[in-house]
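K.L.:
Based on these hints, arrange chain B on the given structure of chain A.
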Amino acid sequence: MLCGIANQFFKTAHPGLIANKKLHATGIANDIGFPFLAFANIQTLPTERTGEASFATEAQQRIHVLTIVNEILQHYKPLNETLSTAKYLLQTLTYCRYLCADMNSFAAYLHELRKSRGLSLKQVEAKAGVSNAYLSQLERGLRKPPHPDILRRLATAYEVPVEDLLVAAGYLGNGAEKGITREAIEKAFAHVISDPQFRHGTRIKGVRLGPDAKRFIVEVYEKLSGRKLLQPE
Amino acid sequence: MSQTLQDSDPIVTFCKDVVSRHEGNWPPSEEELADEFAAFFSLDLVLLEEALKLCKQLGIHVSFAALPEGLHGINGSHGQNREVLLSAKEAFPGGKFHTLLHELRELLEYTFCDLGYPIVRSQELEIHAEEFASIARMNGGKKALEFFLENASKVATNWKRWLAFAAALAFGFAFLVSCGMHSRLEDAMIRYKQNTLH
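First to last, the sequence lines map onto chains A and B. Letter 80 of the first sequence, counting from 1, is numbered 80 in my numbering, and no numbers are missing. Letter 168 of the second sequence, counting from 1, is numbered 168 in my numbering, and no numbers are missing.
Keep in mind the hints are simulated off the structure, nothing from the lab. All clues stand as given, with none of them false.
Incomplete in silico selection of chain B near chain A, CB under 8 Å:
1. Leu71
2. Gly79
3. Thr99
4. His102
Where is the CB? At the ideal position from N, CA and C, for every residue including glycine.
Looking at chain A on its own, in the form it has when it is part of the complex:
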């Protein structure tokens, strides 16, 4: 029963459960349901479940977590039918939802984007030429973020700047790695292009000037003018 509930939860949960993190499998198990571990025989879990694991995609991470939870639940027979089990499960699920809501997931972003435009998967397929089955997998986090060319088509279909999708998919840094926000880049770029002493040009093909490119232009300006515009927050 518990396995069923847990599976149901994870099926409906935000797909970006644990994004962009190297996870320690035991750590995950502790995070998502410490109370369970008090009773579950963690030692019986396969050794690879308890070692450090890194994941190429969110989907892999999610499957990994699901597997662990299932295994824990299977080992957690003594309190299977008790009220305290339900209480612990509730605590765990609440904590998971908290974790999930906090994640910047590409899959969820894509799903929300489509819903906000009131489009069905088939309508997006017709507009962007991307198969609805593939889109569905993307939205459920079962496939890694697609190639930028597909993102471009989706951006056209959803009428959003392609940079937004590129950033969400992790192709473009949003400056976060340097503690620099996109707004800060835009502000600095606006300053740069308003400086009459500064002239610049780019050789750019097939894409628009996105935040990452603007950041490089700002950095060129900083180097030439000796003025620092982009400061980590």
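P.N.:
Same frame as chain A, but now just chain B:
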């Protein structure tokens, strides 16, 4: 116009030289400009290394970075300071060289503007810079081809000489086509990616 142009700046000197020669018949074509650029700085634009050496002489700092996809290069000019940033990864051979020449052309244009002799409107600069880069590379390629053919003619054995001629011509032809078509090849690759990748 706001810039203070210094005669000690080799780019200013070159641009003034071009202006003085073409004043009655302004503007010069990109082909003339590419020829005069190579002649003025006495170099054969065949290899990236030569262009990098020239940039150093001209006081243009060139660096490489992992630029976002589609962005091949950036140039900037602030007062007498000039900078070029090139993509460290290019799909086609000669891509960095082509982009560097493109950026150089844009930097030249800023000086022509400061002198009061713009060659192109700013909206058309991109196209002209592409043309300049292609022509400059082709000119360099032609000189390299002449060198190869000259050496091939010195080969004593008949069949070896013809073989050397054929190899030089095949190489030269491929090189010239790649220089002239560089921009189109890149466009074709973008279209190919857009059409086939799913």
